[in-house]
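Sequences and hints are given; from them, build the entire structure.
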Amino acid sequence: MADIQRLHIGPRLSEACIHAGTIYLAGQVPTNTANDIEGQTSEVLAMVDQLLAECGSSKQHILMTHIFLTDMKDYPGMNTAWDGWVAKGHAPPRATVQASLANPDWRIEIVVTAAVI
Amino acid sequence: MADIQRLHIGPRLSEACIHAGTIYLAGQVPTNTANDIEGQTSEVLAMVDQLLAECGSSKQHILMTHIFLTDMKDYPGMNTAWDGWVAKGHAPPRATVQASLANPDWRIEIVVTAAVI
Amino acid sequence: MADIQRLHIGPRLSEACIHAGTIYLAGQVPTNTANDIEGQTSEVLAMVDQLLAECGSSKQHILMTHIFLTDMKDYPGMNTAWDGWVAKGHAPPRATVQASLANPDWRIEIVVTAAVI
Numbered sequence: 002m003a004d005i006q007r008l009h010i011g012p013r014l015s016e017a018c019i020h021a022g023t024i025y026l027a028g029q030v031p032t033n034t035a036n037d038i039e040g041q042t043s044e045v046l047a048m049v050d051q052l053l054a055e056c057g058s059s060k061q062h063i064l065m066t067h068i069f070l071t072d073m074k075d076y077p078g079m080n081t082a083w084d085g086w087v088a089k090g091h092a093p094p095r096a097t098v099q100a101s102l103a104n105p106d107w108r109i110e111i112v113v114t115a116a117v118i
Numbered sequence: 002m003a004d005i006q007r008l009h010i011g012p013r014l015s016e017a018c019i020h021a022g023t024i025y026l027a028g029q030v031p032t033n034t035a036n037d038i039e040g041q042t043s044e045v046l047a048m049v050d051q052l053l054a055e056c057g058s059s060k061q062h063i064l065m066t067h068i069f070l071t072d073m074k075d076y077p078g079m080n081t082a083w084d085g086w087v088a089k090g091h092a093p094p095r096a097t098v099q100a101s102l103a104n105p106d107w108r109i110e111i112v113v114t115a116a117v118i
Numbered sequence: 002m003a004d005i006q007r008l009h010i011g012p013r014l015s016e017a018c019i020h021a022g023t024i025y026l027a028g029q030v031p032t033n034t035a036n037d038i039e040g041q042t043s044e045v046l047a048m049v050d051q052l053l054a055e056c057g058s059s060k061q062h063i064l065m066t067h068i069f070l071t072d073m074k075d076y077p078g079m080n081t082a083w084d085g086w087v088a089k090g091h092a093p094p095r096a097t098v099q100a101s102l103a104n105p106d107w108r109i110e111i112v113v114t115a116a117v118i
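Chains as they are written, first to last, in the numbering used here: chain A, 2 to 118; chain B, 2 to 118; chain C, 2 to 118.
Derived from the structure by calculation, the hints contain no laboratory data. Bear in mind that the values here come from a model prediction, so they are computed numbers and not experimental data. Be careful, since some hints might not be right.
Said to hold, decoys possible - Only pairs whose alpha carbons sit at most 30 angstroms apart, straight line, appear in this in silico DSSO-like list of lysine-lysine:
{"no.": "1", "chain 1": "B", "residue 1": "Lys60", "chain 2": "B", "residue 2": "Lys89"}
{"no.": "2", "chain 1": "C", "residue 1": "Lys60", "chain 2": "A", "residue 2": "Lys60"}
{"no.": "3", "chain 1": "A", "residue 1": "Lys89", "chain 2": "A", "residue 2": "Lys74"}
{"no.": "4", "chain 1": "B", "residue 1": "Lys60", "chain 2": "A", "residue 2": "Lys74"}
{"no.": "5", "chain 1": "C", "residue 1": "Lys74", "chain 2": "B", "residue 2": "Lys60"}
{"no.": "6", "chain 1": "B", "residue 1": "Lys74", "chain 2": "B", "residue 2": "Lys60"}
{"no.": "7", "chain 1": "C", "residue 1": "Lys74", "chain 2": "A", "residue 2": "Lys74"}
{"no.": "8", "chain 1": "B", "residue 1": "Lys74", "chain 2": "C", "residue 2": "Lys60"}
{"no.": "9", "chain 1": "C", "residue 1": "Lys74", "chain 2": "C", "residue 2": "Lys60"}
{"no.": "10", "chain 1": "B", "residue 1": "Lys60", "chain 2": "A", "residue 2": "Lys60"}
{"no.": "11", "chain 1": "C", "residue 1": "Lys74", "chain 2": "C", "residue 2": "Lys89"}
{"no.": "12", "chain 1": "C", "residue 1": "Lys60", "chain 2": "C", "residue 2": "Lys89"}
{"no.": "13", "chain 1": "A", "residue 1": "Lys89", "chain 2": "A", "residue 2": "Lys60"}
To be verified - Just a sample of chain A residues kept apart from chain B, beta carbon distances all over 12 angstroms, derived:
{"no.": "14", "residue": "Ser15"}
{"no.": "15", "residue": "Ala47"}
{"no.": "16", "residue": "Asp50"}
{"no.": "17", "residue": "Asn80"}
{"no.": "18", "residue": "Ala82"}
{"no.": "19", "residue": "Asp84"}
{"no.": "20", "residue": "Gly90"}
Here a beta-carbon is modelled for each residue, glycine too, at the ideal position from N, C-alpha and C.
What follows is the structure, encoded as structure tokens:
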């Protein structure tokens with residue numbers, strides 16, 4: 002029997018899921034959409050920190066990150082926030098592409114896979 | 002030696018792959034492109050059900066879902082089909098972004114990762 | 002304690018990460034941007050081969066592939082390179098969508114998940 006643990010389960014999605022030592026987070030998006038890309042990125046990365054902590058993990062244990070930017074001109078601003086946040090010596094594999102998101106005020110969505118410590 | 006099981010292996014891709022208790026499905030797309038977004042989503046989710054069953058799993062055991070919509074204005078219609086399908090109490094993490102797909106008549110493509118039961 | 006091995010660790014990202022027998026590669030992109038889509042795809046797939054070899058794996062052990070194309074009109078040319086490269090009988094699940102990338106001269110980015118042999 003698969004042992005699956007879900008966190009923040011809603012009717013449509015859950016925010017996180019743990020299986021066989023691997024953590025899958027839902028796409029994280031900003032709530033304060035008045036922020037610029039650097040602010041939105043920092044807010045989303047703080048959400049990732051919080052969810053990983055709840056899952057018994059941390060940014061040092063990220064396995065893969067998919068970043069979706071509404072406009073690729075935000076790439077430098079996203080990286081400024083990312084570079085200040087990422088765990089030195091533990092930077093994860095990453096892929097960044099441009100894609101429109103469910104809310105036009107969101108400039109970024111981040112999908113993280115991580116390992117339970 | 003990695004024990005990898007593949008299902009519906011073609012010359013270009015296979016529809017599913019199982020490794021270490023985790024199931025990876027290829028991006029599932031509609032065949033009946035005359036359907037609206039709700040119909041296309043329901044058809045794709047039925048394909049997911051079928052493939053997961055063949056892999057010894059079910060929608061109660063999904064670990065992550067990536068949804069690609071050709072046009073984000075289809076988001077509400079996709080959610081109508083999704084909300085009626087998702088296993089209550091077992092809703093998986095999810096990320097939805099807009100992206101053009103290989104066939105312009107496809108309005109949706111869904112990528113699922115799941116656990117073997 | 003999670004046993005995570007990272008390869009080619011940079012300040013922003015690492016090119017690969019191994020955890021629990023599963024390999025996660027960063028999005029691979031072309032360096033020779035003068036190439037057409039077939040050439041760019043072949044170069045990127047050679048990078049995938051190289052990274053998988055460093056991780057103790059090969060294209061026979063790919064679990065999932067996400068392909069991002071800047072322009073879906075490159076789909077046939079990408080497939081020509083892909084079909085000549087993929088391991089017969091071991092074709093992995095795959096999803097291909099259109100998305101603008103961080104460098105406008107990149108026509109393709111490929112994200113691979115694989116198994117340690």
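A quick look at each hint next to the structure:
1. B/Lys60 - B/Lys89: holds (10 angstroms)
2. C/Lys60 - A/Lys60: Roughly 29 angstroms separates the two Cα atoms, so the pair holds.
3. A/Lys89 - A/Lys74: holds (25 angstroms)
4. B/Lys60 - A/Lys74: violated (38 angstroms)
5. C/Lys74 - B/Lys60: Violated, because 34 angstroms separates the two Cα atoms, which is more than 30 angstroms.
6. B/Lys74 - B/Lys60: It holds: about 26 angstroms lies between the C-alpha atoms, which stays within 30 angstroms.
7. C/Lys74 - A/Lys74: holds (23 angstroms)
8. B/Lys74 - C/Lys60: violated (38 angstroms)
9. C/Lys74 - C/Lys60: holds (26 angstroms)
10. B/Lys60 - A/Lys60: Status holds; Cα separation ~29 angstroms.
11. C/Lys74 - C/Lys89: Within the cut-off at roughly 25 angstroms; holds.
12. C/Lys60 - C/Lys89: holds (10 angstroms)
13. A/Lys89 - A/Lys60: Holds, because 10 angstroms separates the two Cα atoms, which is no more than 30 angstroms.
14. Ser15: violated (5 angstroms)
15. Ala47: Fine: 18 angstroms to the nearest Cβ keeps A/Ala47 off the interface.
16. Asp50: Correct as stated: the minimum Cβ-Cβ distance to chain B is 16 angstroms, above 12 angstroms.
17. Asn80: At about 19 angstroms from chain B, A/Asn80 clears the 12 angstroms cut-off, so the statement holds.
18. Ala82: holds (19 angstroms)
19. Asp84: Given that every Cβ of chain B is farther than 12 angstroms from that of A/Asp84, nearest at about 23 angstroms, it holds.
20. Gly90: holds (27 angstroms)
Of the hints listed earlier, those the structure fails to meet are numbers 4, 5, 8 and 14, in rising order.
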